[in-house]
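Asker: Assemble the whole structure, with the sequences as input and the hints as a guide.
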Amino acid sequence: MSILVIAEHDNGSLKPATLNTVAAAAKIGGDIDVLVIGSGCGAAATEAAGVEGVRSVITVDGAIYEHQLAEEVAPAIVANSEGYTHILAPATTTGKNVMPRVAAMLDVAQISDIVGVESADTFKRPIYAGNIIATVKSSDVVKVITVRTTAFDAVATGGSADSKDGAATESAGLSSFVGEELAVSDRPELTAASVVISGGRGMQNGDNFKLLESVADKLGAAVGASRAAVDAGFVPNDMQVGQTGKIVAPDLYIAVGISGAIQHLAGMKDSKVIVAINKDEEAPIFQVADYGLVADLFEAVPQLEQAL
Amino acid sequence: MKILVAVKRVVDYNVKVRPKADGTGPDLANAKMSINPFCEIAVEEAVRLKEAGVASEVVVVSIGEKTSQEQIRTALALGADRGILVETGESLQPLAVAKCLKAVYDQEQPQMVLMGKQSIDGDNNQTGQMLAALAGIGQGTFASEVKVDGESVNVTREIDGGLQTVGLKLPAVVTTDLRLNEPRYASLPNIMKAKKKPLDTTTPADLGVDIAPRFEVLGVEPPPSRSAGIKVADVAELVDKLKNEAKVI
Ligand SMILES: Cc1cc2nc3c(=O)[nH]c(=O)nc-3n(C[C@H](O)[C@H](O)[C@H](O)COP(=O)(O)OP(=O)(O)OC[C@H]3O[C@@H](n4cnc5c(N)ncnc54)[C@H](O)[C@@H]3O)c2cc1C
Ligand SMILES: Nc1ncnc2c1ncn2[C@@H]1O[C@H](COP(=O)(O)O)[C@@H](O)[C@H]1O
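Protein chains in written order, with the working numbering: chain H, 1 to 308; chain X, 1 to 249.
Chain X stretches covered by chain H per the calculated footprint, using a threshold of three residues with CB under 8 Å from any CB of chain H:
1. 87 to 97
2. 114 to 123
3. 157 to 163
4. 168 to 182
5. 211 to 218
6. 241 to 248
Derived lysine-lysine pairs resembling DSS-like cross-links, with alpha carbons at most 30 Å apart:
7. 247/X - 210/H
8. 243/X - 279/H
9. 137/H - 16/X
10. 279/H - 231/X
11. 243/X - 272/H
Read the hints as simulated data drawn from the structure, not as lab findings.
We put the beta carbon where it would ideally sit given N, CA and C, even for glycine.
Answerer: Below, the structure written as structure tokens:
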């Protein structure tokens, strides 16, 4: 078996999601190579060469790959996929965008968002907002897979893989990068933080998220939100936790003013310890909370901040 | 321009689905079925583009059992012009769905295909990207804004780090995220009118599509359950528990 892991990076550095994906690859077993496609991505490739368990790092460097446009990256993955039995990428928005395009180009299925490896061809994945875990067995010659990063502990760094250049591709000429608005924050990234505190519609407005931020500052936590809070414009979309937002599984998740809809639970119920603060004692969030506090958040959250 | 919208019939988002006792699949007996919420947003966007004079015709397609006609009729009541049902008793995997859509795309030759980013039953998040690959066209996934400008479309995408805007040559596939728009409710007169709109039926075989499955579901199970927690009386008790019992702070 030989496995190709698609690196997640921002050209300058490797994203931690890559380490979880290599961990899933290691569970499948076999040789693991990492493919770094980007523009001026040498630093990311060097980092990838240090990931434990990796045999080779293959770099495809070109201006057309700078923004990870699926129309450019997918052909580059296909061009470098010869001989691999598995192609894995993290189930981030980048992986979700590119990998189905790769699968269709190879005329194979994609197994999305795996949370377990049973064998080289059999995987577990959540469906129905995580209310069901399905075991699926692939019959394709090449398995194209996206990996739920929270389900696999990151591998260590300190290895020394060899490096080589891969085949570059011509521009598909279908798409161009127009612009981006990226969130800037000094806090840990939501999907990688060991503590997350999230606010819902109960926060009432964006300004009140400051209450959560001051708790987050004390705990070194990331701040998340329910869809209702994002929809209401309290906070930006990149903070949404849930079935259709980000999946998080920190050591501690604190849900504040969140009712606990299935779609929200889908994104956080694998957290180690869950705390819920809600004034409605019937709120479904209490059914998954290890510690529930029935209280008005505008009293409880400042008290919590004081007590830390 | 013509817009093709793909809609899927799925279990309603309010239903908490459980595995069947024998573990062979989800228990959907008597479950309420609806149009996939992301597909509803796709229909709404197409109808708005028509109302804005950008689109001239909105064609809705669904692949599934005869009952999927209900979801096509819903889309017609929301303002789409006509429907196509690709009827099959099999439950198709995303690659097969994408191939059926490619065949319909070739017949209809739309300038844009609007789809959901994800079906809330399978949570696949694949079909739009696959269709774009099969058709050799661009893809604007997870769209929160769509701006058509002559021969191209700018799509603002919700990505993990924030927002990214890409420009795509038309035709292109656009998949919707939740904040693209808020779908309208169908009015009674429009529901009545929808009954008279054309709805054609075809099959994967008629379209010449190979729908053979590429993977097999060996079984399903509930997710690991969480042991029941406790209620704490106040913030002091909460902090004490987190420090001394759970040891997470
Ligand atoms: C297709 C689809 C996908 C979805 N995806 C997601 C997703 O990814 N993530 C997600 O979160 N949602 C998602 N949703 C939405 C989901 O169904 C719920 O609508 C949403 O999670 C509700 O958010 P909320 O809990 O903040 O708001 P509400 O349900 O309105 O709950 C607010 C809570 O705050 C409490 N509260 C109010 N004031 C106070 C106070 N002063 N002190 C303490 N408590 C207070 C209330 O008791 C209540 O329980 C999705 C929906 C659909 C249809
Ligand atoms: N059976 C189907 N019929 C029509 N459209 C579908 C079907 N399955 C998936 N789609 C479309 O593809 C989108 C993404 O679905 P999926 O890849 O299954 O998560 C959906 O929102 C629909 O727009």
